[in-house]
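Chains A and B, in that order, are what the protein sequence lines are. Throughout the first sequence, residue numbering follows the numbering used here, covering 1 to 499 in sequence. Throughout the second sequence, residue numbering follows the numbering used here, covering 1001 to 1199 in sequence.
Bear in mind the hints are in silico, worked out from the structure with no lab data behind them. Glycine is no exception: its CB is placed at the ideal position from the N, C-alpha and C atoms. Honestly, I wouldn't trust all of these hints.
[As the list claims (entries may be wrong)] Derived DEER-like restraints, expressed as beta-carbon distance ranges:
1. A:140 / B:1152: 27 to 35 angstroms
2. A:323 / B:1171: 51 to 59 angstroms
3. A:428 / B:1066: 27 to 35 angstroms
4. B:1070 / A:333: 42 to 50 angstroms
5. A:122 / B:1094: 28 to 36 angstroms
6. B:1079 / A:14: 25 to 33 angstroms
7. B:1171 / A:179: 41 to 49 angstroms
8. A:323 / B:1123: 18 to 26 angstroms
[Unchecked claim] In silico contact screen, one side only, chain A against chain B (beta carbon under 10 angstroms); selected entries:
9. 171
10. 339
11. 361
12. 394
The chain contents come next:
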Amino acid sequence: MRWIHRLAPETAATADVVGGKAHGLILLSRLGLPVPAGFVIGTEACRVYLRDGRLPAGLGAELAAAIAGLESGTGRTFGGPRRPLAVSVRSGAAQSMPGMMTTILNVGLTAAATAGLTGDARFARDARRRFEAGFAAATGDRPVPDDAMGQLELAVAAVFSSWNTPRARTYRELHGIRHDLGTAVIVQAMVFGNRDQQSGSGVAFSRDPNTGEPTPYGEVLFGHQGEDVVSGTAHTHPLPELAGREPAVWAGLRAAMRRVEEQYRDACYLEFTYEAGELWLLQVRPGRFAGPAAVRLATDLADEGLIGRAEAVLRVSPRHLRHTRRLAAAGDVFARGLGACPGAAAGRVATTADRACRMAADGPVILIRPETSPVDLPGLAAAAGVVTARGGPASHAAVVARAMGKPAVVGVAGLTVADGTVRAGGRTIPEGTSIAIDGTSGLVVLGSPPMTTTAADPHRHRLLRWADEISGDASPRPDADRLGAAHRHLTGDQENQSP
Amino acid sequence: MTSLVVLHALRCVGFADLPRLAAATGLDPADVESELIDLAVAGQVTRTAGAFGGWGLTEAGRAADAERIAAELDAAGARPAVAGAYDRFLVLNPELLDLCTAWQLRSADGTLTPNDHTDAGYDARVLDRFTDFDRRAEAVCAELAAALPRFGRYRVRLAGALARARSGELDFLTDNLASYHIVWFQLHEDLLATLGIPR
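In isolation and in its complexed conformation, chain B is listed as follows (with noise of 0.2 angstroms):
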């Protein structure tokens, strides 16, 4: 089951680290590297080296992923109520995405300059909003994680990037690989592979 968890992650969070896929799946760094190796043996993961380097999916991992999550789906019987949840993920996301803009870009005199932070009222007002959306974010995991317990993952790391933008690391909204933005961002993509819907 470690393996499908590793698997999958690799295929949500697209090219990534140790450090990150250890973050996204919560399991011991040790026991996520001995998966990719055993999956790279298998051919269905690869690691490329270099500046922007890491693990990633190998064509025959993707179709692997989407083979297992769909049968895991299937087995859970949670098919109904994962597409459910999506539906209700698709309505905040967009509310989502203007937040987002909103702590990157602020209109003023009919232009769009990017945020510097120094406003701390803006800001302050921004991560209300934020912190607002994630209740009802909240709802929409817990869905989730009803129906597969393995989305309950996104719950801790959405709650994580928001509490670290809260005391005072502000890039953990939009800015870095372990943002608000970035953990929904894979959510989404969570969301399309689970169901099998192309982008």
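Excised from the complex, chain A in its bound form (with noise of 0.2 angstroms):
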């Protein structure tokens, strides 16, 4: 096929060719990891259709294939009544656009397809209802055809034009992304985490990306889509949760994380969903943590043998071992939240702008919010640092906190605010009980924990003794400088060997 490649482990696709997104699927499924069946339509065809307003000759024909390819190897029907086959139909670019184009789940849920979904009639109405909110935000209030490949034609239409919205153009302009690349479209067989009790979904590091430490670290919904999160429909759990939930489904996650690990000797970083008791991994990339925990992670990654000592010293930038605030340890979790303004801070709550202007005469004050409005901003600027239930590090409250240099969490799913209380993960506090906030790691903590800038860690001792060792100086100087020293050595070295 000219313009379709598999998601198999014999697609030996650039992920110039295929996207980033789906050059990961493929590399899951050679490590013999569960990924649902699809294929992908390489930034080619984009190229193609953003210059001439229509999908590329020869595209559908080759849809069609494709499709028929998935029917066999799934034993289900696109669009038909008898064991329907639903897919996603999904953007991914060469370079990560996170959230800039369009995703439509369950494209080919017509009427009789619908009528097939065997289960509850209640599931069925749900994931026709997902699907046409998603068609309908994506093509406009364009009519749904009631053809399986029309759906999925126009689905794939629109993610390439998604390429071109002026925010997605803003986006590339920022991070240095060329306009004329186009985004590949992965469209894979429906797996749903919210089929049954025994479903879910949810998102893994293989490490805590706040601290480096070799634990995984994630969010799950149990009996829920992942985009449930986000229109507020269900709160997560911590993922070690699954352990005890889902045992064999977390041994497997587990297993897949240590063997990531060791194909990209890094940290990773999983979206999954299970359903009915079954692991489906979506989506893979490196870890990409940052500040200590890109320290931590460096040295136990040596320790461990994965990398050596000089790649350690090189994977750690000097701009990692500033001096943030933070939290010295997570102590009684609150509420977790986006990191949007890194510090931490430490105050009474406070759930008004005016009760934080009164209270802040008093001490520090956090102030707490379902979302900022303009009435918020004195509160704010009283208050040592603010929480938001809703939005997330490019929002009015993260915009605001910022410009006051104020450590913020913001996106808290599930957390409520309400007659001067607030609830979140079944806990109630009252207006003054003393909490702390880090903005790096997003955490919301009861009580008055330590906090500690990072010189004191240890793993930050190892890695600068390592990087002393290579550039054959230990004279005293500034961190950054003794890691910056290390850095030229290497790649100096480096430059000199190569061929």
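Put the complex together from the two separate chains, hints included.
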């Protein structure tokens, strides 16, 4: 096939051709790990689509053939009433552009296929509703065709088009990504985290991205699809709870993380779904740790023999040695969100801007809001830090917190604020309760835990000793200079040695 | 009519001193103050003293604003036009927040660090994207102003903030109370308030 590549071990295409996400899925399949059956339409087809305004000649026939292959591989029928096959249609460019392009789930759920979804009728209706919502969001309010191939072609075209939304163009300008590359489109058999009690979805780091400690970290949704976090209809649980609930899935996930770590020689990040007790991996990438976590990871990987000491030194950038105030220990975690402005702060909870301004006269305050409006700005100015239930690192609250240099945690799923109390994870705390927040890790902790800058970290000292051994200079100087000298020594050596 | 302009500006700005309200409304500070005093007598606004003090709405003021601003919208027959413009605003909003984030934080070696504005090339690139974005924002603002003239003030304030940033006052994109982001944030609040949409 010219335009389409299978997500299979023998596919040798580069990330430029099939996109980074598909490249990762092909790697997973090569490692013998469970990836839903599927194929990827390469970036070239997108370039042709963007040039000509229509899908390239011949792509339709290839799509039909690839779908036929999926049908025979899964024993299902695309859009048909008996054992219906539904697919996800996802973007995936050579360089990651998170959240910028379109995804459409449950494509192929025609009226007949929806009726043919076995299990309960509620699940079938819900699946169709999700498809309709995704389709409408991606294509504008175009009527949904009732033939599965027609749905698929429109979905593919919609993902291609989403390469050129103004927001995506801005993202590429800011990140130095060329506009003429286009995105690949990944088409895979759907797996349903909302199928039954033995289903769910989650994200997993092979090690803790906050500290670098070698313990799996992440979140899991029991009985839900990943998108339900965004819509607020489901609450996540810490990943290790999966061990007690689905031991086989947990064991499979642990084995997958080990396998990918050996391959990457690095920590990894996985997105997964399990359906009726069966694990599926939907995305993989290296962990990309920062700060003290990057230092801990590099020294641990060297100790484990996955990389050498020189490589460990090279993997840590002087930027990762910057001193940021952090919570020294997790302590009694009340809630978790996304760090949006680095730094740590402790204080008493205030739930309105007005209360924050009044309470700030008697000591530091942490303002907790569902989300922020301009009315909250004086409260933010008065507070030592801010927590919001909604929004991401690019939200009004995050932008304002950074402008004021206040540690901020945003996007705390499941956090509610009502009548002077804050509720999260089944616990309720009143206004005035002492809490602390870490704007790097996104942790919200009860009490007044100790805080630290990173200078006292033993892993940092080991790494810097290795750096000094490499540079041959053990004189006292700033940490970043010690690391920088080793980097220059190593990269200089490598250049001299290369043929 | 001036009383609604001042009342509603306070509803969208949230909490402010006289100069900020004058800037938000484009009115003479003395006129704004006179209106504020009348509104205070009516129990709709109140002034807080202290380090974080300023003018703010009372609950009664918030209710009065909601009623009057909805009446204004319907009297002008502008609800469909404002609702349509709001849809287009929502398409632009995430992009503006991306831009603000890029202005404040730089991603390097997998870690986000504050933009210290020492890389003029990077800053120029982000500023150019702001300028490009602003052309699209201008179209939405023009739609809004055509539907309800009071929205025209946002165009003036956004353009003013961008011009100051372009002339070297770097905190006028995200980092002060007259910045592009703060004006945009207030426009967001105004659209929600005008259309009666809860946050």
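Here is what the structure says about each hint:
1. At about 29 angstroms, the CB distance of residue 140 (chain A) to residue 1152 (chain B) agrees with the hint of 27 to 35 angstroms.
2. A C-beta distance of roughly 25 angstroms is found between residue 323 (chain A) and residue 1171 (chain B), which places it outside the suggested range of 51 to 59 angstroms.
3. Distance hint check for residue 428 (chain A) and residue 1066 (chain B): the Cβ-Cβ separation is about 30 angstroms, which falls inside the suggested range of 27 to 35 angstroms.
4. Between residue 1070 (chain B) and residue 333 (chain A) the Cβ separation comes to about 43 angstroms, which falls inside the hinted range of 42 to 50 angstroms.
5. With their beta carbons about 32 angstroms apart, residue 122 (chain A) and residue 1094 (chain B) fall inside the hinted range of 28 to 36 angstroms.
6. As the Cβ distance of residue 1079 (chain B) to residue 14 (chain A) is approximately 53 angstroms, the hint placing it in 25 to 33 angstroms is violated.
7. Checked against the given bound of 41 to 49 angstroms, the beta carbons of residue 1171 (chain B) and residue 179 (chain A), roughly 30 angstroms apart, lie outside it.
8. Checked against the hint of 18 to 26 angstroms, the pair residue 323 (chain A) and residue 1123 (chain B) passes, with Cβ atoms roughly 25 angstroms apart.
9. Hint status for residue 171 (chain A): holds, given a least beta-carbon distance of 6 angstroms to chain B, under 10 angstroms.
10. Look at residue 339 (chain A): its Cβ gets to within about 9 angstroms of chain B, closer than 10 angstroms, so that hint holds up.
11. Given the 10 angstroms rule on beta carbons, the hint for residue 361 (chain A) holds: about 8 angstroms separates it from the nearest Cβ of chain B.
12. For residue 394 (chain A), the suggested interface contact is upheld, since its CB lies about 4 angstroms from the closest CB of chain B, less than 10 angstroms.
Checked against the numbered hints given earlier, the structure breaks hints 2, 6 and 7 and satisfies all the rest.
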